[in-house]
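*Asks:* As given, the protein sequences belong to chains P and X, one line each in that order.
Plus 621 on top of the position in the first sequence (first one is 1) and you've got our numbering.
Plus 377 on top of the position in the second sequence (first one is 1) and you've got our numbering.
Any given hint might turn out to be false.
A short list of chain P residues far from chain X (calculated; beta carbon distances all over 12 Å) [claimed, not checked]:
(1) Lys627
(2) Thr710
(3) Phe763
(4) Ser807
(5) Lys845
One side of the interface only, derived from the structure: several residues of chain P facing chain X at Cβ under 7 Å [as the list claims (entries may be wrong)]:
(6) Leu630
(7) Arg631
(8) Phe634
(9) Ala636
(10) Phe645
(11) Ala829
(12) Leu832
List of simulated lysine-lysine pairs, PhoX-like, C-alpha gap at most 20 Å [what the hints assert, rightly or not]:
(13) Lys444(X) x Lys627(P)
(14) Lys845(P) x Lys732(P)
(15) Lys535(X) x Lys492(X)
(16) Lys539(X) x Lys669(P)
(17) Lys492(X) x Lys542(X)
(18) Lys732(P) x Lys625(P)
(19) Lys625(P) x Lys539(X)
(20) Lys542(X) x Lys625(P)
(21) Lys627(P) x Lys492(X)
(22) Lys539(X) x Lys492(X)
(23) Lys627(P) x Lys539(X)
(24) Lys444(X) x Lys625(P)
(25) Lys535(X) x Lys627(P)
No lab work stands behind these hints: they were computed from the structure.
Since we're looking at a predicted model, the values are computed, not measured.
Even glycine gets a Cβ: it sits at the ideal position worked out from N, Cα and C.
One-letter residues, chain by chain:
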Amino acid sequence: MNRKMKEALREAFEAPAPAHRQDFFENIPQERVSLISFMLSQAGYIRKRVLVISLFPVLLSLAGACVLDFDMLWAISAFMPFLALSAVTENFRSAAYGMEELEMSARFSLKSVVLARMGILGALHLVLLCLLMPLACIHSIFTVMQTGVYLMISYLLADVTGLWILRNLRGKEGLYACMGAAVCISSLYSLLRVRLIRLLYRSGFAWAVVLLVILLILCVSETKKMVRQTEELRWSLS
Amino acid sequence: MAMDLREQYDKIYRYCYFRLNHRETAEDITQETFLRYFDSVCYRERGKSLEYLYTIARNLCIDEFRKRSSKQTAETWKNAAAQKSEVQNDAAMQASEMPDDADMEDETLTRVSIKRALRRLDGESQELLLLRYVNEVPVSVICSMMGISRFAVYRKIKNARKQLKEQLREEGFE
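When you get a sec, could you build the whole thing from the sequences and use the hints?
*Replies:* This is how it looks when you write it as structure tokens:
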């Protein structure tokens, strides 16, 4: 069929212009995304170095357990605050680089993005902790449970402090303060390790568990406050 | 398959208008087609978007036509006919207002003759010509939409073209 004929056919079948096309496309429903695909899409935005840092304590414990035949628990526990720091700062990336407003106008709310990334990193670190617990206690005087509590206290202490700092200090200053806090906690853990070990090993495991529970409660509370703060920011910016 | 949704909206609307001959209903059906299409993410991900869109539109038009034939009052039909004649009158007015140019006159005559020739074809032939040459729907999509083989689609399109040519010849066109 030639072009002229096609043109003539097009004109013959011409319909009156649709009246509500623009309105329809302005209010077009968004494509629904399943939770798994949303989480996977967010995992792609986590910086690779955060994942590499996460592997470091595992390598350290493997080296201590298999190659050096040496108690590396103190080194691993001293590294845990930096692991927490990497997770906390990753969640505040948009705030640190002043990109909150842009992220808030994006398809997914900042709150859901931050929660998704926190969930991914939290789950990853939990898996790592489960791997570290048996490895770190090979040459240690602690049992697997005691090792877990020892490492968790170090991690959560840095986590709670980091979240509190980033809630109160905006921008890059918050990141620097967070880094300082992680260094302090790590140094404190290294310096006081003999006393901490004595506390945990001799004075009773119960106190350590109580401390862990307190830190867990504080961590949940700080996370809630952080989420609320994200919502408040959204309202004040819209 | 990445589709320009706005372009497809116009094409689906044109198809619905051809089937229903009523502007508001055609637009309602078009929007309903797109809403149903957006509702079924899993189907789109399998990559047969265009087939799916046209199948929904076709089925909705058939449903609407059935509903209409059972409920339609003479008045509504009268209104539709009045609307159509209004559109035709507008077209005639536009044609009469055009500059007195021989080429323009020829074009208008051709358009009117093609419309008249098309009206004499059966519904299926008209539908096939619209889908294939106006909306430029691929043959594979027409096949699955109408539930017939590729060979049958080619044969039917060929017949439709032949009939159209015969009608145009009767109108005095070569």
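*Asks:* If a hint holds in the structure, say so; if it doesn't, say that too.
*Replies:* Against the structure, the hints:
1. Lys627: violated, 5 Å
2. Thr710: Thr710(P) is indeed farther than 12 Å from all Cβ atoms of chain X, at 35 Å.
3. Phe763: holds, 50 Å
4. Ser807: holds, 47 Å
5. Lys845: Consistent with the label, Lys845(P) stays out of reach of chain X, its closest Cβ about 32 Å off (over 12 Å).
6. Leu630: holds, 5 Å
7. Arg631: holds, 5 Å
8. Phe634: holds, 5 Å
9. Ala636: holds, 4 Å
10. Phe645: For Phe645(P), the interface hint holds, since the closest Cβ of chain X sits about 5 Å away, which is under 7 Å.
11. Ala829: violated, 49 Å
12. Leu832: violated, 47 Å
13. Lys444(X) x Lys627(P): Since the Cα atoms of Lys444(X) and Lys627(P) sit roughly 33 Å apart, the hinted pair is violated (cutoff 20 Å).
14. Lys845(P) x Lys732(P): Roughly 11 Å between the alpha carbons, so the hint for Lys845(P) and Lys732(P) holds.
15. Lys535(X) x Lys492(X): holds, 19 Å
16. Lys539(X) x Lys669(P): violated, 64 Å
17. Lys492(X) x Lys542(X): Distance ~12 Å between Lys492(X) and Lys542(X) Cα, so the pair holds.
18. Lys732(P) x Lys625(P): violated, 57 Å
19. Lys625(P) x Lys539(X): holds, 17 Å
20. Lys542(X) x Lys625(P): holds, 14 Å
21. Lys627(P) x Lys492(X): holds, 13 Å
22. Lys539(X) x Lys492(X): Distance ~16 Å between Lys539(X) and Lys492(X) Cα, so the pair holds.
23. Lys627(P) x Lys539(X): The given pair, whose Cα atoms are some 15 Å apart, holds under the 20 Å limit.
24. Lys444(X) x Lys625(P): violated, 38 Å
25. Lys535(X) x Lys627(P): Roughly 15 Å separates the two Cα atoms, so the pair holds.
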